[in-house]
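Participant: Here are the chains, one letter per residue:
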Amino acid sequence: MGAHSNDHGHHEESFISKYIFSQDHKMISKQFLVTAIFMGVIAVMLSIFFRLQLGWPGEKFGILNAFLGDKWAPDGILDKNAYLAMVTIHGTIMVFFVLTGGLSGTFANLLIPLQIGARDMASGFMNMLSYWFFLVSSLIMVASLFVEGGAASGGWTVYPPLSALPQAMPGSGTGMTLWLISMVLFVASSLLGGLNYIVTIINLRTKGMKMTRLPLTIWALLVTAILGVLSFPVLVSCVVLLIMDRSMGTAFYLSDIFIQGEALDVTGGSPILFQHLFWFLGHPEVYIVLLPALGISSEIIATNSRKPIFGYKAMIGSILAIGFLSFIVWGHHMYVTGMNPFIGSVFVFTTLLIAIPSAVKAFNYITTLWKGNIKFTPAMLFSIGLVSTFVTGGLTGIVLADSALDVNVHDTYFVVAHFHIVMGLSAIFGMLGGIYHWFPKMYGRMLNSKLGYAHFWLTMVCGFGVFFPMHFVGIAGAPRRYYDYSEFDYLDAVLDLNPMISTFAIIGGAAQLLFIFNFFHSIWFGQKATQNPWNSNTLEWTTPVAHIHGNWPGALPEVHRWAYDYSNPDHEEDFVSQIVPLKAGEHAH
Amino acid sequence: MNLFILLVLVLAIIAIAQLTKVYDLSRSLRNTREEEVSAADNRLNANAWIVWMIAFFAGTIYLYVKYGDYLPESASEHGVAVDKLMSVNIWMITIVFFIVNYFLFTFANKYRFNPARRAKFFAHDNRLEMIWTLVPGVTMAFIIVYGLITWNNMTGPASAEAMQIELYSKQFDWTARYPGENKVFGAADFNLIGTTNGLGLVTEEGVAAKLAEIDHNLEQTEKAIANGKAEGTMPDSYMESLEDQLYKLKRHKQRILDLKENELNGISQWKAGADDKLVKGEFHIPVGQEIEFVFRSQDVIHSAYMPHFRAQMNCVPGVPTRFKMKPTITTAEMRQKLGNDKFDYILLCNKVCGAAHFNMKMTVVVDTPEDYAVWLAEQKTFGGDKREKKEEAPASPAADTTKTMASIN
Numbered sequence: 001m002g003a004h005s006n007d008h009g010h011h012e013e014s015f016i017s018k019y020i021f022s023q024d025h026k027m028i029s030k031q032f033l034v035t036a037i038f039m040g041v042i043a044v045m046l047s048i049f050f051r052l053q054l055g056w057p058g059e060k061f062g063i064l065n066a067f068l069g070d071k072w073a074p075d076g077i078l079d080k081n082a083y084l085a086m087v088t089i090h091g092t093i094m095v096f097f098v099l100t101g102g103l104s105g106t107f108a109n110l111l112i113p114l115q116i117g118a119r120d121m122a123s124g125f126m127n128m129l130s131y132w133f134f135l136v137s138s139l140i141m142v143a144s145l146f147v148e149g150g151a152a153s154g155g156w157t158v159y160p161p162l163s164a165l166p167q168a169m170p171g172s173g174t175g176m177t178l179w180l181i182s183m184v185l186f187v188a189s190s191l192l193g194g195l196n197y198i199v200t201i202i203n204l205r206t207k208g209m210k211m212t213r214l215p216l217t218i219w220a221l222l223v224t225a226i227l228g229v230l231s232f233p234v235l236v237s238c239v240v241l242l243i244m245d246r247s248m249g250t251a252f253y254l255s256d257i258f259i260q261g262e263a264l265d266v267t268g269g270s271p272i273l274f275q276h277l278f279w280f281l282g283h284p285e286v287y288i289v290l291l292p293a294l295g296i297s298s299e300i301i302a303t304n305s306r307k308p309i310f311g312y313k314a315m316i317g318s319i320l321a322i323g324f325l326s327f328i329v330w331g332h333h334m335y336v337t338g339m340n341p342f343i344g345s346v347f348v349f350t351t352l353l354i355a356i357p358s359a360v361k362a363f364n365y366i367t368t369l370w371k372g373n374i375k376f377t378p379a380m381l382f383s384i385g386l387v388s389t390f391v392t393g394g395l396t397g398i399v400l401a402d403s404a405l406d407v408n409v410h411d412t413y414f415v416v417a418h419f420h421i422v423m424g425l426s427a428i429f430g431m432l433g434g435i436y437h438w439f440p441k442m443y444g445r446m447l448n449s450k451l452g453y454a455h456f457w458l459t460m461v462c463g464f465g466v467f468f469p470m471h472f473v474g475i476a477g478a479p480r481r482y483y484d485y486s487e488f489d490y491l492d493a494v495l496d497l498n499p500m501i502s503t504f505a506i507i508g509g510a511a512q513l514l515f516i517f518n519f520f521h522s523i524w525f526g527q528k529a530t531q532n533p534w535n536s537n538t539l540e541w542t543t544p545v546a547h548i549h550g551n552w553p554g555a556l557p558e559v560h561r562w563a564y565d566y567s568n569p570d571h572e573e574d575f576v577s578q579i580v581p582l583k584a585g586e587h588a589h
Numbered sequence: 590m591n592l593f594i595l596l597v598l599v600l601a602i603i604a605i606a607q608l609t610k611v612y613d614l615s616r617s618l619r620n621t622r623e624e625e626v627s628a629a630d631n632r633l634n635a636n637a638w639i640v641w642m643i644a645f646f647a648g649t650i651y652l653y654v655k656y657g658d659y660l661p662e663s664a665s666e667h668g669v670a671v672d673k674l675m676s677v678n679i680w681m682i683t684i685v686f687f688i689v690n691y692f693l694f695t696f697a698n699k700y701r702f703n704p705a706r707r708a709k710f711f712a713h714d715n716r717l718e719m720i721w722t723l724v725p726g727v728t729m730a731f732i733i734v735y736g737l738i739t740w741n742n743m744t745g746p747a748s749a750e751a752m753q754i755e756l757y758s759k760q761f762d763w764t765a766r767y768p769g770e771n772k773v774f775g776a777a778d779f780n781l782i783g784t785t786n787g788l789g790l791v792t793e794e795g796v797a798a799k800l801a802e803i804d805h806n807l808e809q810t811e812k813a814i815a816n817g818k819a820e821g822t823m824p825d826s827y828m829e830s831l832e833d834q835l836y837k838l839k840r841h842k843q844r845i846l847d848l849k850e851n852e853l854n855g856i857s858q859w860k861a862g863a864d865d866k867l868v869k870g871e872f873h874i875p876v877g878q879e880i881e882f883v884f885r886s887q888d889v890i891h892s893a894y895m896p897h898f899r900a901q902m903n904c905v906p907g908v909p910t911r912f913k914m915k916p917t918i919t920t921a922e923m924r925q926k927l928g929n930d931k932f933d934y935i936l937l938c939n940k941v942c943g944a945a946h947f948n949m950k951m952t953v954v955v956d957t958p959e960d961y962a963v964w965l966a967e968q969k970t971f972g973g974d975k976r977e978k979k980e981e982a983p984a985s986p987a988a989d990t991t992k993t994m995a996s997i998n
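For the record, the sequence lines run as chains A and B. Residues 1 to 589, numbered by this note's numbering, are exactly what the first sequence covers, in order. Residues 590 to 998, numbered by this note's numbering, are exactly what the second sequence covers, in order.
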């Protein structure tokens, strides 16, 4: 820990080493965040484009033509292939670039060293590489929107043979190649980051920072990193085999295919193998997205309720249980692939078990609010919103986990509703809450809270307004990834929901402009932050407002208590920083 | 129009910027800090939770009432059990949804900041935690057991009485195949697919014809290569593509030569295909008869989804899949029940498969056994039917549909 000497903060750095090839975790965290916001804007715009088509099919929108040109939106009507490309890239960017890279990248980098009392990450260089792999992979993914044939279009899960055969659809050509390359780089970024996070948390905790004194953010980020390190390599193998099937004539995923007048020279492979490999990452990925958001909200809810998080150890236990279970449930994405029904039963069992630790977490959040003294900062609003989305979206997971029920709602809007609420909204709320909460730590200035309130309420209302009605569209039997539903008489009665959903999507998307303006405005013009604006216990608020290399000017702080001594009756103030020694006769929690 | 939208956006941003500036100024005049939540703001947000909760719950109830029970009652036997399981699940999660959200939002409202009060230091309570681990545990046990019983009943092997129908998918349509009088499907192989044999049924004549076709192509390609070499002026890429072509043809031929004739129920599957019946656009099934669907795909993964029967199974190239069901309500009965004489059961594709994925569908007609027999007798066999009166090839769905519709009415 003594590797960094204290005077690191004083020497001047060049622009390039400070802002571009920075190895400082705080700068890298900001780089991740700004890149993720940029990617998020693209993904939200794509979703609004395809929501226009779904809400008002066949209607002409000048704006679509203006953005997408005559090839993709002739006369302002979205092209069928372009529609699938937008759906695919929206999903890919949101899941990987915003909610994995953006969320973990931002908050793991910012909070791990600051909350455990370390001068920086274990390897600043690996950390820098992690960002640069992330940026390059982001740029490749965005570039894939502009190639001949369009971006990958087979859905974000890119199931072969559709994704393996360029003749199957235009998006399976160059666009798909770029998608795969981007994904390999993305995994490299995740692994570099993840290993670094794990090593840092295990080895660089300051004196007194026992594992049982870690804030729940760190616990969540630790388990997230472990999940990533164990599951992302499987995605790489999955992707590499697909690259080989596409370019080198192998047949891992292909068999008995006749397409475009040709019987392909492939036998013996199985498309289902891809799904097993993909979902072996894909399911832990859900929790890679969700756990950091839950960690962040635990911290924010405890701080702003001025109460200890209820059931700290149970919270850790549930994070571990969810992390473990997430590795043995992937088959619930595959109930209707023809998989042996008995294996399906096993996955029903393991999947439904996840409801138990999830329920414990939800009840613990609510009990934390009980008899609290709640301050509604924008971060707190988003965190309470997260508990609601987590519960609401989680409950419909019970239906989807039940294989007998999944048969009829599999791949319908019911699924779209479920995962957008439980994973999409929850993780976005966690991320936004985190930004409102730690913005003063990142930029030394405050975000405007009035704009924050408006941003939250619009996002909450529109978020549920978009995704909640989709349950009903799905139960009526509307498949997802359809370009147009008007051909199906049996859906007529529920499809009047579509224009409403699209309207909410447009308002919700526009509401994010409030945030983006607030964010960039406040970086330069926000009110100057104080050292500990939220009266919080954790170590990051003991560092000076102005960033210095090595985080603490003098010796590293020593930790004497857990992170949740809020309103402790032994103390006069309603918060006690982790660095305050125990009073005589006071019991450590 | 576009200019107008752009203008509105720019003006909106300027407006926000100006408002923010006014706000910043007034804040510095009043000397308030951004992180200090004013009593007014706290009250506003605390009350907003209640307003939100009422709107959220009212919206939920409205959606349940108006759209909750939209899909008509199940038209298949297992679907009735699925629906029962579904309503138990939906009731349960709906109750939990209301209770948990109610506590969340009312606590948020009730325990708003009050400087005169101090939060209760309440870090854990083993009894409470035990309760809310055990209660979900027991509930899940019930749901798992109930769900798996339903699942096992619907996925077990088909009974001996079950009749088989193959649903064959390709970009972007469906073909239904009936095994004919011998009750055995003819063998099928992707290497034999051609313009007159969309499913690649294997027959001795078919194999011979395909081999002849390949031999002819081989000859042509070899000739082209010889010519190219003799002239020596052709670009390398052209010659390479010919070599490539030659290799592919040879491999294709070898794969066909490797096909082995096999027997099922004492009939050669190479001969069983002649009486198979292939239909497009619309297929019929008899009510009250257990049906085992066998799914195949020609190119990419498709999914056969029949929402009215609570039935779905992926169609995977190279891996045949199965799903059994027993239809219980004929199309005519369902039309009567719904008071909609245009109603039809439908089979659609539910796994994204390309640009026209959203349009890949087939009508399912559930007939009385008598009507079904009449309909089936009218369908052409793959081998060509001597008794056949129809002139059209089965591959013209529009014509087929009108004809069968006429026979129903």
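Note that these hints are calculated values from the structure, not bench results. The beta-carbon is built from N, C-alpha and C at its ideal position, and this holds for glycine as well. Any given hint could be a false lead.
What the hints assert, rightly or not - Examples of chain A residues lying across from chain B (beta carbon under 8 Å, computed):
#, residue
1, Leu84
2, Leu352
3, Ile366
4, Pro553
5, Ala555
Unchecked claim - Now the in silico label distances, taken between C-beta atoms and shown as ranges:
#, chain 1, residue 1, chain 2, residue 2, range
6, B, Leu835, A, Thr250, 26 to 32 Å
7, B, Val640, A, Lys583, 54 to 60 Å
8, A, Pro581, B, Phe731, 15 to 21 Å
9, A, Pro581, B, Ala647, 49 to 55 Å
10, A, Asn535, B, Ala601, 46 to 52 Å
11, B, Arg844, A, Ile516, 43 to 49 Å
12, B, Val611, A, Asp496, 37 to 43 Å
13, B, Val597, A, Phe15, 45 to 51 Å
14, B, Asn854, A, Thr250, 52 to 58 Å
15, B, Ser627, A, Ala66, 27 to 33 Å
16, A, Ile516, B, Met823, 55 to 61 Å
17, B, Asn742, A, Ile516, 22 to 28 Å
18, B, Asn854, A, Met45, 46 to 52 Å
As the list claims (entries may be wrong) - Below, computed lysine to aspartate or glutamate pairings styled on EDC-like, alpha-carbon distance capped at 20 Å:
#, chain 1, residue 1, chain 2, residue 2
19, B, Lys709, A, Glu573
20, B, Lys655, A, Asp489
21, B, Lys926, A, Glu573
22, A, Lys210, A, Glu572
23, B, Lys772, B, Glu879
24, B, Lys931, A, Glu540
25, B, Lys709, A, Asp265
26, B, Lys849, A, Asp492
27, B, Lys839, A, Glu262
28, B, Lys839, A, Asp265
29, B, Lys839, B, Glu829
30, A, Lys371, B, Glu829
31, B, Lys709, A, Glu558
32, A, Lys450, B, Glu879
33, B, Lys869, A, Glu487
34, A, Lys313, B, Glu718
35, B, Lys837, A, Glu558
36, B, Lys842, A, Asp265
37, B, Lys931, A, Glu487
38, B, Lys842, A, Glu586
39, A, Lys528, B, Asp613
40, B, Lys931, A, Asp492
Participant: Against each hint, give a clear statement of whether it holds in the structure.
Facilitator: So, going through the hints one by one against the coordinates:
A distance limit of 8 Å between C-beta atoms decides the matter here; for leucine 84 of chain A the minimum to chain B is near 7 Å, and the interface restraint holds. For leucine 352 of chain A, the suggested interface contact is upheld, since its CB lies about 5 Å from the closest CB of chain B, less than 8 Å. Hint status for isoleucine 366 of chain A relative to chain B: holds, with the closest Cβ pair at about 5 Å, below 8 Å. For proline 553 of chain A, the suggested interface contact is broken, since its CB lies about 23 Å from the closest CB of chain B, more than 8 Å.
Of the supplied interface hints, the one on alanine 555 of chain A is violated, with its beta-carbon coming no nearer than about 28 Å to a beta-carbon of chain B, more than 8 Å. The hinted range of 26 to 32 Å is not satisfied by leucine 835 of chain B and threonine 250 of chain A, whose Cβ atoms lie roughly 21 Å apart. Between valine 640 of chain B and lysine 583 of chain A, the C-beta spacing of about 44 Å breaks the proposed range 54 to 60 Å. Taking 15 to 21 Å as the suggested C-beta distance range, the pair proline 581 of chain A and phenylalanine 731 of chain B does not conform, at roughly 50 Å.
At about 53 Å, the CB distance of proline 581 of chain A to alanine 647 of chain B agrees with the hint of 49 to 55 Å. Judged by the Cβ atoms, the range 46 to 52 Å given for asparagine 535 of chain A and alanine 601 of chain B is violated: they are separated by roughly 35 Å. Between arginine 844 of chain B and isoleucine 516 of chain A the Cβ separation comes to about 57 Å, which falls outside the hinted range of 43 to 49 Å. Checked against the hint of 37 to 43 Å, the pair valine 611 of chain B and aspartate 496 of chain A passes, with Cβ atoms roughly 42 Å apart.
Against the hinted window of 45 to 51 Å, the Cβ-Cβ separation of valine 597 of chain B and phenylalanine 15 of chain A comes to about 37 Å, which falls outside the hint. In this structure, asparagine 854 of chain B and threonine 250 of chain A break the distance hint of 52 to 58 Å, their C-beta atoms being roughly 37 Å apart. Distance hint check for serine 627 of chain B and alanine 66 of chain A: the Cβ-Cβ separation is about 43 Å, which falls outside the suggested range of 27 to 33 Å. Taking the beta carbon of each, isoleucine 516 of chain A and methionine 823 of chain B are about 58 Å apart, inside 55 to 61 Å as hinted.
The hinted window of 22 to 28 Å between asparagine 742 of chain B and isoleucine 516 of chain A is violated, with their beta carbons roughly 53 Å apart. Hint check: asparagine 854 of chain B to methionine 45 of chain A, Cβ distance near 59 Å, so the stated range 46 to 52 Å is violated. A distance of roughly 13 Å separates the Cα atoms of lysine 709 of chain B and glutamate 573 of chain A; the hinted pair therefore holds under the 20 Å criterion. With a C-alpha separation of about 17 Å, the suggested pairing of lysine 655 of chain B with aspartate 489 of chain A holds against the 20 Å cut-off.
Between lysine 926 of chain B and glutamate 573 of chain A the CA atoms are separated by roughly 69 Å; this puts the pair beyond 20 Å, and the hint is violated. Of the supplied pair hints, the one linking lysine 210 of chain A and glutamate 572 of chain A is violated, its CA atoms being roughly 25 Å apart against a limit of 20 Å. Between lysine 772 of chain B and glutamate 879 of chain B, the direct Cα distance comes to roughly 15 Å. Compliance with the 20 Å bound is thereby established for this hinted pair. Simply put, lysine 931 of chain B and glutamate 540 of chain A have alpha-carbon atoms about 67 Å apart, too far for the 20 Å limit, and the pair is violated.
A C-alpha spacing of about 71 Å is found between lysine 709 of chain B and aspartate 265 of chain A, which places the hinted pair above 20 Å, so the restraint is violated. A threshold of 20 Å between alpha carbons decides the hint, and for lysine 849 of chain B with aspartate 492 of chain A the separation of about 50 Å lies outside it, so the pair is violated. Restraint check for lysine 839 of chain B and glutamate 262 of chain A: satisfied, since their Cα atoms lie roughly 13 Å apart, inside the 20 Å limit. Of the supplied pair hints, the one linking lysine 839 of chain B and aspartate 265 of chain A holds, its CA atoms being roughly 10 Å apart against a limit of 20 Å.
Only pairs whose Cα atoms come within 20 Å are accepted, and lysine 839 of chain B paired with glutamate 829 of chain B is accepted, the gap being roughly 15 Å. A threshold of 20 Å between alpha carbons decides the hint, and for lysine 371 of chain A with glutamate 829 of chain B the separation of about 78 Å lies outside it, so the pair is violated. For a cut-off of 20 Å, the pair hint linking lysine 709 of chain B to glutamate 558 of chain A is broken: about 27 Å separates their Cα positions. Proposed proximity of lysine 450 of chain A and glutamate 879 of chain B is contradicted: the alpha carbons are some 63 Å apart, above 20 Å.
Distance hint between lysine 869 of chain B and glutamate 487 of chain A is fulfilled; the C-alpha atoms sit about 18 Å from each other, no more than 20 Å. A threshold of 20 Å between alpha carbons decides the hint, and for lysine 313 of chain A with glutamate 718 of chain B the separation of about 11 Å falls inside it, so the pair holds. In summary, the hint linking lysine 837 of chain B to glutamate 558 of chain A is not supported, as the alpha carbons are separated by about 71 Å, beyond the 20 Å threshold. Between the alpha carbons of lysine 842 of chain B and aspartate 265 of chain A the distance comes to roughly 11 Å, so the proposed pair stays at or under 20 Å and holds.
With a C-alpha separation of about 13 Å, the suggested pair lysine 931 of chain B and glutamate 487 of chain A falls inside the 20 Å cut-off, and the hint holds. Restraint check for lysine 842 of chain B and glutamate 586 of chain A: not satisfied, since their Cα atoms lie roughly 86 Å apart, outside the 20 Å limit. With a CA separation close to 12 Å, the supplied pair lysine 528 of chain A and aspartate 613 of chain B stays within the 20 Å bound. At most 20 Å may separate the alpha-carbon atoms for a hinted pair to count; lysine 931 of chain B and aspartate 492 of chain A meet this at roughly 13 Å.
This entry does not satisfy hints 4, 5, 6, 7, 8, 10, 11, 13, 14, 15, 17, 18, 21, 22, 24, 25, 26, 30, 31, 32, 35, 38, going by the numbered hints stated previously.
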